[in-house]
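Asks: In order, the protein sequences belong to chains X and V. Numbering-wise, the first sequence is residues 1 to 135 according to this note's numbering. Numbering-wise, the second sequence is residues 1 to 212 according to this note's numbering.
Worth double-checking, as some hints may not be accurate.
[Stated by the list, open to error] No more than 20 Å apart at the CA atoms, straight line, and that leaves these computed lysine to aspartate or glutamate pairs for EDC-like:
no., chain 1, residue 1, chain 2, residue 2
1, X, LYS8, X, ASP122
2, X, LYS132, X, GLU58
3, V, LYS165, V, ASP114
4, X, LYS132, V, GLU161
5, X, LYS8, X, ASP19
6, V, LYS75, X, ASP79
7, X, LYS132, V, ASP169
8, X, LYS132, V, ASP98
9, V, LYS165, V, GLU109
10, X, LYS132, V, GLU173
11, X, LYS71, X, ASP103
If you are wondering where the hints come from, they were derived from the structure by calculation, not from laboratory data. None of these values were measured; they are calculated from a predicted model.
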Amino acid sequence: MVLGKIAKLAATATIGPGDGAITRATKVSTLIGLFSTDAVISYDIAGLGARSLNGRDEIRESAAGGFASVKSLSVRFQDATAQVGADQQSAVVSCTVRVSAGDSQDFGIQELRVQFQKRDGDWRITRVETVKTLQ
Amino acid sequence: MPPATSAPNGFGAEATQIIVCSQLWADLRFNLVVQDMNIPAARPGWLQIVLIGRRPAATLVRIVVLVALCLVTFKFVLLPIRVEGISMEPTYHDRRVDCINRLAYWRYEPQRGDVVAIRFSDPGRFSTPRAMLLKRIIGLPGESVAFHDGHAYINGQLLDEPYLKFSCDWEHEPIQCGPDQYYFVGDNRSMPFDLHMQGRAERGRIIGKVLR
């Protein structure tokens, strides 16, 4: 179930070159729906530095800006493993995300930890953080 | 009074049964011979011989064994990889195909200078990760690694690295490896220090050694 959400996250964040403004806006809404209202995205990526997005509004703004600025975007989660808490109300997914933009063969790859909590009977992402593979 | 099932020759019922069975086998052999005489022997065509051999059952067994051998070899022993990125230039070029020997460190510990594959997230002990880092070990457990004027120093001693071909200007304070940590870095040190993924990781993250 949780891994299904991760797959949905990847599918939603992936944009084809033929996707228009309406499709992109719809994808932003769908993407935001996967997060809890108090979700936090915290990342520290080489070349970009450390930053965090707090709450759905900031995530929505970043997603909308990012979706509008690229011709296409490919997001893939690989090697995902989920650990569900004993209370069955929380889960942590460790995975590797691979992102490439446009027709470029260049890509970014990053280890991620995604925390889920069950809210109103549905799994929502409460925290996404990058993991430094090499410290 | 003798039993009703006894044969006249005194061998009993068992002997009779044996005779019957022999007759059955004789009939069977006879029938087979008759069939062979009536139907011309179907010789396999050249295409059949090329594709499945003269004995299809044996060919099938060979294929099953070969597939099983390949699966085990290329999943648990030699892991095929394709290098993507430039951090290991010029030793390993972008899009080069190679193999990771997963048994390289079965009996021996990783050595300085080894080029190894490092796992990102752990997909499980026996799972094969789809994405890995390819880096060279320059620091061993307990050692400190520093960069000065583009050269690596291990415990304050200059490290001889003949595999480096590009100029480098890296400067960094000593980083201490833990008792189970190795220091990994790529060969392309012409990249800025901050953009080059490098650093320490535990022994358990090492998947294996690059074959060549």
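Asks: Please name the hints from earlier in the document that this structure breaks, with their numbers sorted from lowest to highest.
Replies: Violated: hints 2, 4, 7, 8, 9.
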